[in-house]
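Chain by chain, the residues run as shown.
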Amino acid sequence: MIVYLNGKAYEAKPEETVLQLALRNGIYIPHLCYHEKTGKAAKCRACVVEVEGIPGLKTSCNLPVRDGMVVSSKSEKVLQAQRMVVDLALSSGQHDCLSCEQNGNCELQDAAYYLGIERPSFQLYDNDYEVDDSSEFIRVDRSRCISCGRCVEACNKTVVNEVINFGNRGFDTKIVFDNDLPMGTSTCVQCGECMQICPVGCIIDKRSIGSGRNWEFEKVETVCPYCGVGCRLEVHVDRKNGKIIRVNGVEDSPTNNGMLCVKGRFGFDFVNSEERLTTPLIKENGKFREAEWDEAIALVASKFSEIKKEFGSDAIAGLASAKVTNEENFAFQKFIRREVGTNNVDHCARL
Amino acid sequence: MKFYRSHVLIAIDDNSLKAGVKKIESLLRAKLDKNNLSEEINVLETGGLGYFGTGVSMTVYPEQITYANLKEEDINDIVEEHFLKGRVVSRLVLNSTITKKYNFNYKNRVVLENSGIIDPENIEEYIGVGGYEAWEKVLTQMKPSEVVDEVKASGLRGRGGAGFPAGVKWSFTAPIEAKQKYVVVNADEGEPGTFKDRLIMEGDPHKLLEGIMIAAYAVGATKSYIYIRGEYKLCIHRLEVAIKQANEYGILGKNIFSSGFDHEIEIKIGAGAYVCGEETALIESMEGNRGTPRYKPPFPGVEGAWHKPTVVNNVETIANVPAIIKNGADWYNTIGVEGCRGTKVYTMMGDLKLPGLCETEMGTSLRTIIDEYGGGMKDGKQFKAALVGGAAGVFLPNEMLDVKMDFNSLKEYSAVLGSGAILVMNEDVDIVDILWSIIRFFRHESCGKCNPCSNGNPVLYKLIDKIRKGKGKEADLDMMIKVSEVMNKTSFCALGQSPYMPIKSAIDNFRDDFLKRMK
Amino acid sequence: MTNDIAGIKKADVILIIGSDTSAAHPVISARIKQAVREGKSKLIVIDPKKIVMADYAEIYAAHRPGSDVAVLNCMMHEILKNGWEDKEYIKNRLEGFDEFKAEVMKDKYSPENVEKLSNIPAETLRQISELFGKAKTASLYYAMGITQHTTGTDNVWSTANLQMICGNLGVEGGGVNPLRGQSNVQGACDMGGLPNVYPGYQKVVDEKAQAKFEKAWNCKLDNKVGITVTEIFDAMYDGTLKGLYVMGENPYLSDPDQNHIIKAMERVDFMVVQDMFITETAEYADVILPAAAFAEKDGHFTNTERRVQRINKIIEPPKGVITDWEIIQLIANAMGSDWNYKSVRDITKEINELTPQYAGITWERVGRFGLQWPCPNEEHPGTPYLHKGKFARGKGLLRPIPFKEPDELPDEEYPLILTTGRVLQQFHTGTMSRKTEGLNNLAGPMVMISVDDAERMGISNSEVVEISTRRGEITAPAFVTKRISTGVIYIPFHYKESPANRLTNSAIDPIAKIPEYKVCAAKVQKIN
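Chains as they are written, first to last, in this note's numbering: chain A, 679 to 1029; chain B, 224 to 742; chain C, 35 to 562.
In case anyone wonders, no lab produced these hints; they're calculated from the structure. One should not assume that every hint holds.
As the list claims (entries may be wrong) - When the alpha-carbon atoms are kept at most 25 Å apart in a straight line, the in silico DMTMM-like pairs for lysine to aspartate or glutamate are as follows:
1. B:Lys705 / A:Glu754
2. A:Lys965 / C:Glu317
3. C:Lys74 / A:Glu840
4. A:Lys965 / C:Glu531
5. C:Lys383 / A:Glu899
6. C:Lys246 / A:Asp992
7. B:Lys685 / A:Asp774
8. C:Lys76 / A:Glu831
9. C:Lys74 / B:Glu400
10. B:Lys519 / A:Glu693
11. C:Lys347 / A:Asp947
12. A:Lys921 / C:Asp320
13. C:Lys530 / A:Asp947
14. B:Lys705 / A:Glu730
15. A:Lys987 / C:Asp320
16. A:Lys987 / C:Asp372
17. B:Lys402 / C:Glu360
18. B:Lys705 / A:Asp788
19. C:Lys516 / C:Asp487
Bound conformation, chain A alone (with noise of 0.2 Å):
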């Protein structure tokens, strides 16, 4: 199936839609609400296009492609349209990118650029939320809000929590927790679905606040390390000092598809904590002391190999672990089974 966007033939995938055929061929067209995971939602209309044959404009999200469909997402009058819509958009909040934590991360931002919007054109913006910061790790900045509906989709058809929803309607419609509760007291198990899909600054990581640009972090894929279900994520890492600044789901994982729990999202303190050991303990009189590693090496080797010596293998006895990886675990029973020589191995697979 062979479509035309901006005068150029393209293959078309008989179930997608103008949108999603652009955007697979990397020609950008404005879009806030759509996101592959939530789908078409033909709310914020910016991806506008003209269809040759067909009156007025389409949404480009909701439009399925046709063979031999002529299509312009460029045209002036298209462009006239999504400047409009984007300006509304724009005007309708507080959108300051300046102290934005999504600043060059966002979605509105991208398409006010692409566009040359420098500024609002209009000033809608008059009411008064205040920031709900109630939630342990999750902050919502309603000012921001561009009642895109991805959070509400996410929330009830993505993680299935069913705990935002939109309330009001209008100009003054915003997005709600149960029947209107700050975040932290509804029943909102702060999965962070919605942050991770929100395309403007409205919802975001409270700890992750003031710690740097998103373009100065690595993102580095990896598993969890909790539960078994093996959700992949994307780590933001800040290179200058080692920190993990924070955690977001990998979307095209099979596992997982983007989604986390509040551990997996939220739990990485341990990693920088303070609390870490940094150097071998030895006990000497019932208290620990800190020893090189030559030293604890040496004792632990000698002393296991005292026990063999004197008791037998089977004296001696190896806990391998849930948490570390494969080839530690290898590692471990090989050490058990070959050089103390017992099959006195388990873990903790039955606790």
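Given chain A, work out where chains B and C should sit, using these hints.
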């Protein structure tokens, strides 16, 4: 049947209730009792006559004398003069104080034919005037597809505003194989200044039920909902009574007339959101969700309430159906104009001598409606403009008064028939004020689903408010057109698309009114 | 899990028994909730706690802790009685049906009789059986609520029996799906962190396996099965076990009967603990060796659906800290051995060589999203679900499983049933999760107690009460709720200040050697 010398029909509608009709009715009954007239004079409640500003009114048959604007103290005179002595109390007679006479146009009425004549809370009266004959005909003589074809052939177009052919709409749903389909009646009459559906439901609820059942049979729906605005208390009451009666008579329910067809009608009460007049928002609201529109396709006819095929029609549309079936599509095609058949009920408001409702053929000119049914301009003032089609309508200037009122003719003037609301303004009216209140209305009623509407309307309001306060510039007019035009092109539903029409027509036709505010 | 996470939404009916899924496996619970919300699947929840998942269930039933076999046998009793079983599947793919049938068709498993054992109304048992039995594809999810019983093995067999007779094993969307509770508990098992098997479940008593590893490792290996963790602590307590090497575990809080564990650790001659922190267990060690965190190393974790996934080094460990395998290698060589792993990849390669299921899961191949074992060679795409077409052992074996009561039942002195588990905001013994202040603010110690019991004892919400069993006592604030059955209390085991495992019974399942955390007799008393 008992014989009475006279029948007194008291119009009970929301207006007369506010004017104290119940108190006056009980005074009348007491007075008749006292004079031993209860056995001779039969007092009946009926629907509104379609005119407002007439307070409590009653019509005495067989004389056909209508008294209006009645007060409690007037009852003595009526009983003693009229019923005891047979002398009409001329000071209380409707039309006695005005030069222009009401033209009820009963002979041409289709949907309001029984309103003000029969007791809406008595199914026997509806049956007595030929009610439910169409329903019987459908069940005993017609296949569902024949009903659809008949309605298609009649050329009946939806009266909710968009004018989509009703038969065509039904023909999308009818062939779908589904365990459950629904008919939903849109009785959420929310267009400012429109109350035609209210009078239909208050005056002749059984007609609506009959139309629903025919539609349901045609498309194969076993359940219907009437989604009605909560303020319409009397309508709700009368519909409840009518549904109960229809069930008792076996006209509704299981295996109706042994045809094997089951049907159930339920009333759903809306919470007063303008946007819920939009069919998909209505469905959302009916399902218990926020009243916001859904994207189409799928259209409700394919996937509507609870994801089942659902036909949504306006009250007036459905109320046309029994007559079409009873008299045939050919008869219906003799009324109205090519492409726009039947009658239309208009709500006439503003600076008219006789504001109220009228039902007249499609294609009647605006001038005729204003002069003939609205009684012409009040207080000798000059006509300035008519806002036709409700808040989402168009300001028509004097030069356009001869436009024919039907979907197609209005289109030529970039105007819409909409709900059939006509607001007539005289020379003293400032269009800026009217536009300001329209935009304020849209701002208030925006549901918040899409960005252009929920943020565009506040922008428009700020601009018009500035102009109204004398702080505007001519560039603000251009900006209003520019913003509303983008809203028109990009908004999710008709609500956000609407402000463009009143704004554009107001500024184009009455620019001076705006410029005056800028001096 | 016999099946995969992606298959969750392909079941017509999902049964959760013995898993507080939204607390312990939140992301899996999201998928199940999606399936229900989208109308794809109907959910049955059987759990003594009215867990969050019950809110999404078509049928929820609260059973008495420890009555799982009775409930599952009753389901099979009803299914066979009504002919809802998969007869073709039984004929072609299973064996032992007659003996099995003789057991479950006993009158003792009729809904009326099982009502007496499980407290689930007979009518509900019938509804559950019908919904499950008539489903085209039904899946079963469990966690420690099934396994942590003296009848844990029986419980597991029963879940397998049910899925076999319904033809739900070896099909997409079906399966017996134990949800693994720790990031690499699957991998630790796969890698032979068990006393009876080498990596890849090759039995230590199997001469061929022994010869294979002796050849690969160039050594003599012991052919006798080792002792399990519960037995290890018993042996320490008895004084027969002299040395213990603990890597990244915290038995002080995770093992049953804490007082017994403490005495055992005090008695052992020499104990090494290798961890990130001075854990409660490490306090008893003679040497503590600091180890790197997950974010500071490369390697692989294997998840609950057998997916081997790469973990990547994100940051450097604190100065002076090295990874676990490096420490192990240092000790081995200090004991005079010849280990020479240059990098973690060398170990991965050895795993590929010695573990048939992992043979094709090489460092180069594993990719961003890993591979699911078995993956026997480098061309194999991995295995999303097991037993397709044929069981690993050939025919699926149905075993008759008679119902047995738990080891310790309530009596006059200890009238309540104590059951333990997790909460959403904490993990295991808290070594990791409790370092995040926000998580502690969200979830502290508590004892969940039914409104009936609380009212009877005059206990109000948040009131600190004393909970005791024959093994010890702790205090915790009461969480009075309708979500737990009368006569049952629930305590999460994460908290050292209210250690649930001071109370639990160390009686174990005779085969799996798993302690009975889910049932013991307890009492609750007001303080003062």
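Practice problem: Verify the proposed pairing of B:Lys685 with A:Asp774, using a straight-line Cα cut of 25 Å. | Solution: 22 Å, holds
Quiz item: CA of C:Lys530 to CA of A:Asp947, is that 25 Å or under?
Solution: 19 Å, holds
Quiz item: Does the structure keep C:Lys246 and A:Asp992 at a Cα separation of 25 Å or less?
Solution: Given pair C:Lys246, A:Asp992 holds - Cα atoms ~22 Å apart, limit 25 Å.
Quiz item: B:Lys519 and A:Glu693: Cα distance at most 25 Å?
Solution: 17 Å, holds
Quiz item: Given the proposed pairing of C:Lys516 with C:Asp487, does the C-alpha separation stay at or below 25 Å?
Solution: Answer holds: C:Lys516 to C:Asp487 is near 10 Å, not above 25 Å.
Quiz item: Under the criterion that the straight-line Cα-Cα distance not exceed 25 Å, is the pair A:Lys965, C:Glu317 satisfied?
Solution: 9 Å, holds
Quiz item: When you check the alpha-carbon spacing of A:Lys921 and C:Asp320, does it fall within 25 Å?
Solution: 31 Å, violated
Self-check item: Given hint C:Asp320 paired with A:Lys987 - CA-CA distance at most 25 Å
Solution: Holds, at roughly 19 Å.
Quiz prompt | Satisfaction of hint between A:Asp947 and C:Lys347, Cα-Cα up to 25 Å | solution = Since the Cα atoms of C:Lys347 and A:Asp947 sit roughly 16 Å apart, the hinted pair holds (cutoff 25 Å).
Self-check item: Distance restraint between B:Lys705 and A:Glu754, which requires alpha-carbon spacing of 25 Å or less
Solution: With a Cα-Cα distance of about 14 Å, the restraint between B:Lys705 and A:Glu754 holds, given a limit of 25 Å.
Quiz prompt | Pair hint C:Lys74 and A:Glu840, alpha-carbon separation not exceeding 25 Å | solution = 18 Å, holds
Quiz item: For the pair supplied as a hint, C:Lys76 and A:Glu831, is the alpha-carbon distance within the 25 Å limit?
Solution: Measuring from Cα to Cα gives roughly 22 Å; hence the hint holds.
This entry does not satisfy hints 12 and 17, going by the numbered hints stated previously.
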